[in-house]
Amino acid sequence: MSLDISEMTLSAAMDGLAQKDFSSVELVNAVRDAIAEKDENIGAYLAFDADTILQDASEADALRAKGDERCLLGIPIALKDLFNVEGQPCTCASKMLENYIAPFDATVISKIKAAGAFPAGRLNMDELAIGTTTENSAFKLTKNPVAPDRVPGGSSGGSAAAVAGGMALASLATDSGGSIRLPASYCGCVGFKPSYGRVSRYGVAPYASSLDQVGTMTKTVEDAAILLSAIAGCDQRDQTTHNVPVPDYREMLAGSSLEGLRIGVPREYFVDGVDSEVLDSVRAAIDKFAKAGAHVEEMSLPHTEYAISAYYICSTAEASSNLARLDGVRYGKRSVTDDRGDLNDMYFTSRTEGLGPDVKRRIIFGTFVLSSGRYEEYYVRALKVRTLVKQDFNEAFKKFDVLMTPVTAGVAHKFGETQNDPLKATLNDMFLAPVNMAGICGISIPCGKSSEGLPVGMQIIGPSFGEVTLLRAADACEKELGL
Amino acid sequence: MKYIVTIGLETHVQLKTKSKMFCGCANTFAAEPNTLVCPICLGYPGALPAMNREAVKLTVIAGLMLGCEISRYSKFDRKNYFYPDAAKNYQISQLDMPLCRGGGVEIQVPGGSKRINLNRIHLEEDVAKSVHHARSSGVDFNRSGMALMEIVSEPEINSVQEAIAYMRALRQILVYADVSDCNLEEGNMRSDVNISIRPENTTELGTKVELKNMNSFRHIQDALTFEIERQKAALSTGGRVVQETRRWDLDLGETISMRTKEDAQDYRYFPEPDLPPVVFTDDLLDGWRKELPELPEHKRVRFTTDYGLPEYDAEVLCAQLPVANFFEEAVECGAQPKNASNWIMTDVLRLLGQTELEISDTPLSSAAFASLLKLVDDKVINMPVAKELIAELFEKGGDPAVIVKERGLLQVSDASAIEGFAREAVEKNPKVVEDFKGGKKAALQFLVGQVMKLSRGKANPKMAAEVIQEIISEG
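So the protein lines, in turn, are chains A and B.
Going by the numbering used here, the first sequence opens with residue 1, and the numbers climb by one from there.
Going by the numbering used here, the second sequence opens with residue 1001, and the numbers climb by one from there.
Watch out, some of these pointers could steer you wrong.
Derived PhoX-like pairs: lysine-lysine, alpha-carbon spacing no greater than 25 Å straight-line [what the hints assert, rightly or not]: (1) B:Lys1338 / B:Lys1299; (2) B:Lys1290 / B:Lys1016; (3) B:Lys1075 / A:Lys390; (4) B:Lys1453 / B:Lys1428; (5) B:Lys1129 / A:Lys333; (6) B:Lys1338 / B:Lys1387; (7) A:Lys113 / A:Lys20; (8) A:Lys20 / A:Lys140; (9) A:Lys384 / B:Lys1387; (10) A:Lys66 / A:Lys20; (11) B:Lys1016 / A:Lys384; (12) B:Lys1079 / B:Lys1129; (13) B:Lys1018 / B:Lys1129; (14) B:Lys1002 / B:Lys1208; (15) A:Lys360 / B:Lys1079.
One-sided excerpt, in silico: chain B residues whose CB lies under 8 Å from chain A [what the hints assert, rightly or not]: (16) Leu1042; (17) Asn1089; (18) Val1127; (19) Glu1185; (20) Lys1379.
Simulated DEER-style distance windows between Cβ atoms [stated by the list, open to error]: (21) B:Gly1253 / A:Ala47: 31 to 41 Å; (22) A:Pro245 / B:Gly1287: 21 to 31 Å; (23) A:Ala47 / B:Tyr1083: 29 to 39 Å; (24) A:Phe348 / B:Val1242: 24 to 34 Å; (25) A:Gly373 / B:Ser1159: 34 to 44 Å; (26) A:Leu383 / B:Asn1117: 28 to 38 Å; (27) A:Pro245 / B:Lys1018: 24 to 34 Å; (28) A:Gly373 / B:Ser1113: 39 to 49 Å; (29) A:Gly87 / B:Tyr1081: 27 to 37 Å; (30) A:Ile101 / B:Gly1138: 15 to 25 Å; (31) B:Ser1137 / A:Asp51: 32 to 42 Å.
The hints are simulated quantities; they were obtained by calculation from the structure and are not laboratory data.
Ideal Cβ placement from N, Cα and C applies to all residues, glycine included.
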C-alpha cells in the first residue's frame, strides 16, 4: 500500500520522515500520485517538475542518512506561481511571464531550503494575484476540491485547492487583501496571513507592495506555525521587514486555551448581505468559545465601511506602478510589431496581448487615482482612511486579544457568478482587506459547513506582530471546534 | 530693449559610492555594457530596492558642505513613466521630502561675490543609458540604479558667466566634500538648465525654457548664449517664448525643441512603498558634521595665515583640491611654502595643463618635489637642471637626489672648472666682450649662457658671471 498524503499534515510528514516510516522520495512520489489521480479534475498545479523534485528528495534522504536533523528536511512545499525560484518558471499565471525563468531565489525560498525543505510544484492563481476566484488565470481553471462546479476562491486558488484537495502537504502563497484567507475558507483549509513586515517579500512578484504579505496554506494551525518559523524574519533585501525575534511558533502553541481569551466581535462584520448560513456558523463557533471560557464582547471598528474603497485605491495605485515593469523590454512577452512600429507600439502590443482584462482594469484604475488632479482627491484621502483603519484596530487590541469575524459574505460560489452580485463581491473583500490595510495578522480556519456541505471559514485577527497570540487562539479554536 | 536673464540649474551628480543606490552592483564607469547588472537594477519581478546608506550619507555631507538644512525625516517616491531607460518604468526619487533643503553657493562676479541660494538636494537612482542605432536602439543598464544626487538652485543666476561660475564653485565644493568625482566627461555631473528672459523694469519672470542634460561647461556656455539670443530675438520682434524642453545640438550649434509643455508627462508620483522613510537622529548628524572636510574658502584663508602665502597663491593652489593637498604634503616634507607655491603655480601647473590628469595621478610625488626644491636651495643643482628634472619627474617619477648623482648633474661650483669655461667663452666672443666693456649689460648674460652651454648646464650661473667679469677686468 503506497503512502497516502490526502489527510497528512505537515507535522505528521515531519514525524514520519524523522522516524524513518517513509523517505522523502516516497513522500514526493505520494504527492505525484495524488496529483496524477486528482489534479486533472481540480487543476491546482501549473507545473510539477517531478525529476527535479525527486532529486531534491533523494538528496534530503541522503542527508538524513548522514544524521542531518533539520526540522523540514525532506519536506516538499508547493508554491503559488509568483515566488522566484532560480531556474524555474514563475509565470504569475500571466501570458506576460509565460516564458520567464527566474534568475534568483526569493528569500522565503532560500529560507525553506535552509530548513531542509524544497519547492515542489507551481500552483495556479489569479493572473498577477489580481482576483478572488482564480478564474483570472491565463492558463487554466482551478476547481474547488469540495465542489468541482464551484470556484476555489483567489487569488491563491491553486494553493488552497492543492492543500484541501490532498495534493500538497502545505503551500506558500501571498495575501494582499484576502488572497490566502478567502480561498482557504472556500476550500476548507487554514489560510494564514502574517503581519506586514514579518516575512520578506524579496523575490515575490508584487501586486501592491504595502499590502502584500507571504503566508501559508495548511491543513492545521500547527502546520501554519511550523512554516512561519521557517519563513519569518528580518531581511536586508526587504527593508520593510522588521527586526523582531522569530520564536519557535509551534512550541509557543503548547497549552493553548480559550480560557480567559478576550475575543472582540466587530459588529460591522456581521451585517446584511452576509449569508445567514455563514453568520450562523461563525456565531455558533464564537458561542462555543464563550462556553469554553473565552470573554466575548461585541465591539466596533467604526471605519470599516470606508476601508474597502481606500483599499481599492491604495492597491491599484501601487499595482499600476509595480506592473509597469512588465513591458517586454528586458524579459517576458515582447510582441512582434512590424517594421514601422515604434517603441510605444511595442509597449502597447506586448501589454495588450500579455495582460488579462482584470489586470488592465486595475492598472487603469490605479493610473487614474495617481494622475495629476486626482491624486489628492483619491490617493491622499485613501492614505488618511488607512490611518484611521489602523487606529481602529490599535484601539481594539488595547481591549481584546483577538477579533473574530466571518471571512467572506458567502460560501464558494459557482463559476462565472462573481459579476452578478457586486454587493457580495465587495463584502468579500470588506472583511479581509482591512487587515492588510492595518498591517496586522489574520488567519482563516474552517468553522463549519453550509447545508450544501460547503466549507465555512472564520477569520481570527491579531495585532501587528501578535502572531503568537493569534496562532495560540486559532489553535485553541481549532481544537474546540474539532473539525 | 534690455532684458534681464534668469537662470536656475538642476544639477545631477553621481555619488562616489562603492555600489549602486539600491543593489550591490559595482558603481563603475566604462565597463562592458550590461555587465554590472542584477535582478534589482534590471527591475525583475519581485526584486526590491535596499537603500545604500553610504549614498544617503554622502548626500547629507554635500548638504552640510553647502549649508543646507538636513531633513530629520525624509522619504522616497516613485516617478512613473514608460521608457526603456527606466528598468521598472518608474524611477525612485524624492518628491516633497528631500534629504536637504536650502543652502547656497558663493560665486565670484565682477566687483565682488554673489550668493546663489539652493532650493533643495534630493537623492535618486540614475537611469540606464539608451544607445540609438540606425534601425534599432540598445539599452545599457550598467548606469541603471547608480546613486544620483540632484542639486536644485533657486532661479537667481543672471548671466551665462554666473551660470558657469556657479557650476565651477559647486563642483569645487563637491570635490572637496569627496562625495563625487564630478568628472564631466564620464557624465558624473549633468545639468538641466532653466532659462527665461524678461524686459528690464518688469518683475514677472518670462516663460522658461529647459535645456536638458548639459554635461560640459563649454556646452552650457554656448547653449545659454544661443538661447538668450534666440529668446531676445523672439520677444523683440513681437513673438513669444514657448514653454518647452530643448536640447543643445552640438553639430548645428543651436538649441532644438524636444517637447513642449502641452505634451509634458504626468509622473504620477507617490510614496515608494518598498522603502522605509529616512530618519536621522541629532547624534548621527552631529557625528557627520564633525567629520566634514574643509571648505575651499576655509582652505584659502588657512593657506594665507598658516603658510603666509599671498591671496593670489592661495586661490590658485586651492582651485583644485589635489593640488592643494600636493602643496601641503610638500611643505610637510620640508619645502619652503612660498618657494613650493611658486614652483607649483609655474612649472607643475604648466605640466599638468598639458595632460588630462590630476596631480595625484601623475608619477610626481610630493616628497620628490620637496627633495628637488631642497637640491636647488642647497645649490646642489642649478635652476636649468631643476627645470629639466621636474619635467622628467612629472613624466617618469623617481628620486631626484639619485638621478642627480647617477647622471652627474651636480652643479659645478668649483671656481677653477668654471674659470676654464669662462676663459673659453671670453676668447671665442671678443665682440661681445667689447660690448660689455662698452656698458651693455645683456652681453654678460650671453657670456654666462655660453658657460652654461660649455658646462652642459651644470655650472653655477652666479659664479660664472662673477668669474667672467673678473677675467674681463683682468683683461
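How the hints compare with the structure:
| no. | hint | result |
| --- | --- | --- |
| 1 | B:Lys1338 / B:Lys1299 | holds, 16 Å |
| 2 | B:Lys1290 / B:Lys1016 | holds, 20 Å |
| 3 | B:Lys1075 / A:Lys390 | holds, 21 Å |
| 4 | B:Lys1453 / B:Lys1428 | holds, 13 Å |
| 5 | B:Lys1129 / A:Lys333 | holds, 22 Å |
| 6 | B:Lys1338 / B:Lys1387 | holds, 17 Å |
| 7 | A:Lys113 / A:Lys20 | holds, 20 Å |
| 8 | A:Lys20 / A:Lys140 | violated, 37 Å |
| 9 | A:Lys384 / B:Lys1387 | violated, 74 Å |
| 10 | A:Lys66 / A:Lys20 | holds, 13 Å |
| 11 | B:Lys1016 / A:Lys384 | violated, 39 Å |
| 12 | B:Lys1079 / B:Lys1129 | holds, 18 Å |
| 13 | B:Lys1018 / B:Lys1129 | holds, 20 Å |
| 14 | B:Lys1002 / B:Lys1208 | holds, 18 Å |
| 15 | A:Lys360 / B:Lys1079 | holds, 20 Å |
| 16 | Leu1042 | holds, 6 Å |
| 17 | Asn1089 | holds, 4 Å |
| 18 | Val1127 | violated, 13 Å |
| 19 | Glu1185 | violated, 28 Å |
| 20 | Lys1379 | violated, 64 Å |
| 21 | B:Gly1253 / A:Ala47: 31 to 41 Å | violated, 60 Å |
| 22 | A:Pro245 / B:Gly1287: 21 to 31 Å | holds, 29 Å |
| 23 | A:Ala47 / B:Tyr1083: 29 to 39 Å | holds, 34 Å |
| 24 | A:Phe348 / B:Val1242: 24 to 34 Å | holds, 29 Å |
| 25 | A:Gly373 / B:Ser1159: 34 to 44 Å | holds, 37 Å |
| 26 | A:Leu383 / B:Asn1117: 28 to 38 Å | holds, 32 Å |
| 27 | A:Pro245 / B:Lys1018: 24 to 34 Å | holds, 31 Å |
| 28 | A:Gly373 / B:Ser1113: 39 to 49 Å | holds, 43 Å |
| 29 | A:Gly87 / B:Tyr1081: 27 to 37 Å | holds, 33 Å |
| 30 | A:Ile101 / B:Gly1138: 15 to 25 Å | holds, 22 Å |
| 31 | B:Ser1137 / A:Asp51: 32 to 42 Å | holds, 41 Å |
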